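There are 2 protein chains.
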Amino acid sequence: MENFEFSNPVKILFGKGQIANLKNEIPDESRILLIYGGGSIKANGVYDQVKEALAGLFVIDFSGIEPNPHYETCLQAVNIIHSQNINFILAVGGGSVIDATKFISAAACYKGADSWDILEKHTSIAEAVPFGTVLTLPATGSEMNSGAVITRASDKNKLAFASEKVYPKFSILDPSVTFSLPAKQIGNGVVDTFVHVVEQYVTYPANALIQDYFAESVLKTLLLEGPKALQAPHDYDVRANLMWASTWALNGWIGIGVPNDWATHGIGHELTAFYGLDHGQTLAIVLPGVLRVLKEQKAEKIIRLGEQVFGIYNNLSHDERIEYTIQAIESFFEEMGVKTHLSDYGLGADAVEAIYERLKSRGWKLGEKRNITADLAKEILLTRL
Amino acid sequence: MENFEFSNPVKILFGKGQIANLKNEIPDESRILLIYGGGSIKANGVYDQVKEALAGLFVIDFSGIEPNPHYETCLQAVNIIHSQNINFILAVGGGSVIDATKFISAAACYKGADSWDILEKHTSIAEAVPFGTVLTLPATGSEMNSGAVITRASDKNKLAFASEKVYPKFSILDPSVTFSLPAKQIGNGVVDTFVHVVEQYVTYPANALIQDYFAESVLKTLLLEGPKALQAPHDYDVRANLMWASTWALNGWIGIGVPNDWATHGIGHELTAFYGLDHGQTLAIVLPGVLRVLKEQKAEKIIRLGEQVFGIYNNLSHDERIEYTIQAIESFFEEMGVKTHLSDYGLGADAVEAIYERLKSRGWKLGEKRNITADLAKEILLTRL
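These protein sequences, in sequence, are chains A and B. Following the numbering used here, the numbering of the first sequence begins with 30 at its first residue and continues without gaps. Following the numbering used here, the numbering of the second sequence begins with 30 at its first residue and continues without gaps.
Mixed in with the good hints, there may be bad ones.
A pair counts as met if it fits within one copy or between any two copies, since identical chains are not told apart.
What the hints assert, rightly or not - Lysine to aspartate or glutamate pairs mimicking EDC-like chemistry, simulated, CA-CA at most 16 Å apart:
| no. | residue 1 | residue 2 |
| --- | --- | --- |
| 1 | K198 | E34 |
| 2 | K52 | E34 |
| 3 | K52 | E101 |
| 4 | K40 | E193 |
| 5 | K45 | E34 |
| 6 | K213 | E364 |
| 7 | K45 | E31 |
Please keep in mind that the hints were generated in silico from the structure rather than gathered at the bench. Small disclaimer: the values here were computed from a predicted structure and weren't measured.
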C-alpha cells in the first residue's frame with residue numbers, strides 16, 4: 030500500500046424522508062441560495078419537499094444549471110451571492126448541480142482577478158461558502174467528495190478542480206427521489222459509477238487488499254442492481270444500493286493508497302466538450318479502448334477484475350481472461366442501455382482527430398504511469414470507431 | 030437498507046515514516062499531554078520518533094494506562110490536564126490508550142459532579158480536549174471512531190460510551206511500528222477485528238449490499254493476512270493490510286444502515302472485568318456460542334458468511350452450512366493462537382454463574398433483536414465450557 034493522508038468529513042443523511050431533516054443541518058440565520066437545474070425537481074416533488082423543509086428561512090432560487098455545468102452560468106450565481114449576502118448554499122440535483130455549487134462556493138470567495146484560474150491554474154482556495162446537497166441522481170459521487178468539473182461554453186473547455194474547502198457540509202440521499210429518473214439517466218449513472226471504480230482499481234497491483242475488495246464490492250453491487258433498476262424502477266432497496274454504491278465509488282476511500290488512472294475521464298471530457306455526449310456515454314466508449322491498448326500494463330488487475338467480479342477464470346489463457354473481461358464490461362454497459370462505440374453516436378475519424386489535436390495542445394500525459402500521450406489517446410479512440 | 034445519519038471526520042496519515050509529520054497536525058501553541066501505556070513504545074523506538082517529531086513543543090508525559098484502562102488512572106490524567114493547562118492530547122498506543130484518552134478528554138471538560146456518569150448514565154458530552162493518536166496495535170478501531178470502553182477497577186465495572194466530541198482529530202497509522210508486537214497481540218487483534226465485523230454483519234438481512242460486501246472484504250483480508258502476520262512479522266504489506274482492516278472493522282461505515290448485534294462484546298466485557306482475560310480471548314470464547322444458540326435467527330447471514338468468506342456451500346444442507354461456518358471461525362481463531370473455550374483459561378461453571386448474576390443485575394437485553402437476556406447469555410456460555 031502506498032502512503033496517504035486523507036479525511037472525508039461529509040455528513041450523510043440516508044433514507045426515505047430525510048429531506049424533512051434539512052433544517053437541522055442549516056444554521057438558523059442563514060441566507061440561502063437554492064441551486065438546481067431544469068424543471069425535474071419541480072415535476073417529481075423534490076422541490077416542494079425542500080421548500081417545505083426550509084419554511085421560515087431566507088431562500089433565493091437559482092435554477093438553470095446545465096448538464097456539464099457552464100462556467101458562465103456559475104458566474105451569474107456568484108453575482109447573486111455577493112448582491113444578496115448569501116452565506117449558505119443548498120444544491121438540489123445530480124453531479125452537475127453539485128459540481129456547479131462547489132465552483133460557485135469557491136469562486137464567490139475567490140480574491141484573484143479571474144476565477145477561471147481555479148480550473149486552469151489550480152490556484153489554491155482559501156475559503157468557500159458552506160453548502161449542503163440533496164442528491165437526486167446517483168452517479169458522480171460529487172455529494173461526498175471535494176472535486177468538480179466545469180465547462181466554459183465559450184471555448185469548449187471542460188476542466189476539473191478539487192479542494193478540501195468544497196466538501197459538502199452534509200448530503201441528503203433519499204433513494205425514493207430517484208424513482209422517477211428516466212432509464213437513460215440510470216444507465217449513464219451506473220456506467221459513470223463503474224468507471225469511477227475502474228479508474229482507481231484497474232492499474233497495477235499495490236498490495237492494498239481493503240481497497241481492492243471494496244472496489245470489487247461496488248462493482249458487484251452495480252452488476253446485481255443496475256439491471257434491476259431498469260426493470261423495477263420503484264424498488265427502494267435496489268435504488269438504495271445503487272445510490273450508496275455511487276457515493277462510495279468516488280468518496281476517496283477506495284482510491285487512497287493505490288495508483289489512480291483517470292485517463293478514461295480525461296479523454297471522455299473532451300468528447301463531451303466537443304460533441305455534447307453525456308458523460309456516461311463518453312466513458313462507455315473510452316474505457317474498453319484504454320483497457321485493450323494498455324492491457325499488458327494493466328494485465329494483473331484486469332484479470333483480477335474478471336475473476337472477482339465477472340467470474341472469468343476457468344480453463345482460460347491469460348489473453349482470453351483479459352479479452353473476455355473487457356467484453357463483459359462492454360456487454361454490461363450495453364445492457365444498461367449505454368452504447369460503447371463512437372459510431373453509435375454518429376462520430377468517426379474526424380472526431381478522433383479533433384480530440385487528438387486538443388489533447389496534443391494540452392500536453393497532458395494521462396494514466397497511472399503518465400504514459401498516455403495524445404498519440405496513445407488517438408490509438409485508443411481508433412479502437413472505438 | 031435502514032435510514033441513517035453519519036459522518037466520520039478523522040484524518041488518517043497512513044504509512045511508513047508518517048510519525049515525522051506529527052507536528053503539522055498539532056497547533057503550534059499547544060500544551061500537550063502525551064499519554065501511553067507500559068514501556069513497549071520505549072523499547073520499539075516509537076517513543077523516540079514521537080518525541081523527535083514534537084521537538085520544541087510543550088509536552089508532559091503520562092504513562093501507565095493499563096490494558097482495559099482504569100477509570101481511576103484516567104482521573105489522574107484529568108488532574109494533570111487541569112493543573113498544567115493542557116489543551117491537546119496525543120495518545121500513543123493501542124485501543125486501551127486511545128480509549129483512555131477519549132474518556133480523559135471528555136472527563137477533563139465535564140461539568141457534572143461525577144464523570145463516571147459519562148459511562149454509567151451516558152450523560153451527554155458538550156466538549157472535549159482535542160486529541161490525536163499514533164496507533165501501535167491494530168485491533169480495536171478506536172483510532173477512527175468515537176467510542177471507548179473503560180473499567181472501574183474498584184468494582185470491576187467495564188462500560189462503554191460514545192460521543193461525536195471524541196473523534197480523534199487525526200490518527201497516524203504506520204504499519205512498521207507493529208513489527209515488534211508479540212504474536213499474542215497480533216492474534217488477539219485479528220480476533221477482535223473479526224468479531225467487530227461479525228457484530229455488524231451476522232444479524233438479519235437488511236438488503237444493504239455495500240455494507241455486506243465491505244464486511245466480507247475486511248473478513249477476507251483477515252483470513253489472508255492474519256496467518257501471514259504470525260509467520261512473517263516484518264512483511265510490511267501484510268501489516269499494512271491488517272492495520273487498515275482493523276480500522277475499517279469499526280470506523281462506523283460498515284455498521285450504518287444495518288442491524289447491529291454487540292452481544293458478544295457485552296458478554297465478553299464481563300469475562301474481562303471478572304477474570305482479567307484479554308478482550309480478544311473473551312470474544313473468541315463467546316462468539317461461537319452466540320452464533321450456535323441464535324443460529325436460526327442469524328441463519329441467512331451465517332450462511333452468507335460461510336459462502337462469501339469461507340467458500341462453504343457445495344452439496345451441504347442448511348444445518349451443515351451453518352455448523353461448518355461456525356467451526357471455520359473457531360478454527361481460524363485457534364490458528365491465530367487464541368483459544369476458544371472457557372476451560373482453556375481455567376474457567377468453568379462457576380464463572381458462567383458469576384457472569385449470569387452480573388448480567389441479571391444489569392437487566393440488559395442484548396443482540397440485534399434485544400432478546401439476549403441473562404438467561405440466554407448463560408445458555409450461550411454453557412456451550413463454551
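**Report entry** Violating hint indices (sorted, rising)
**Finding:** 3
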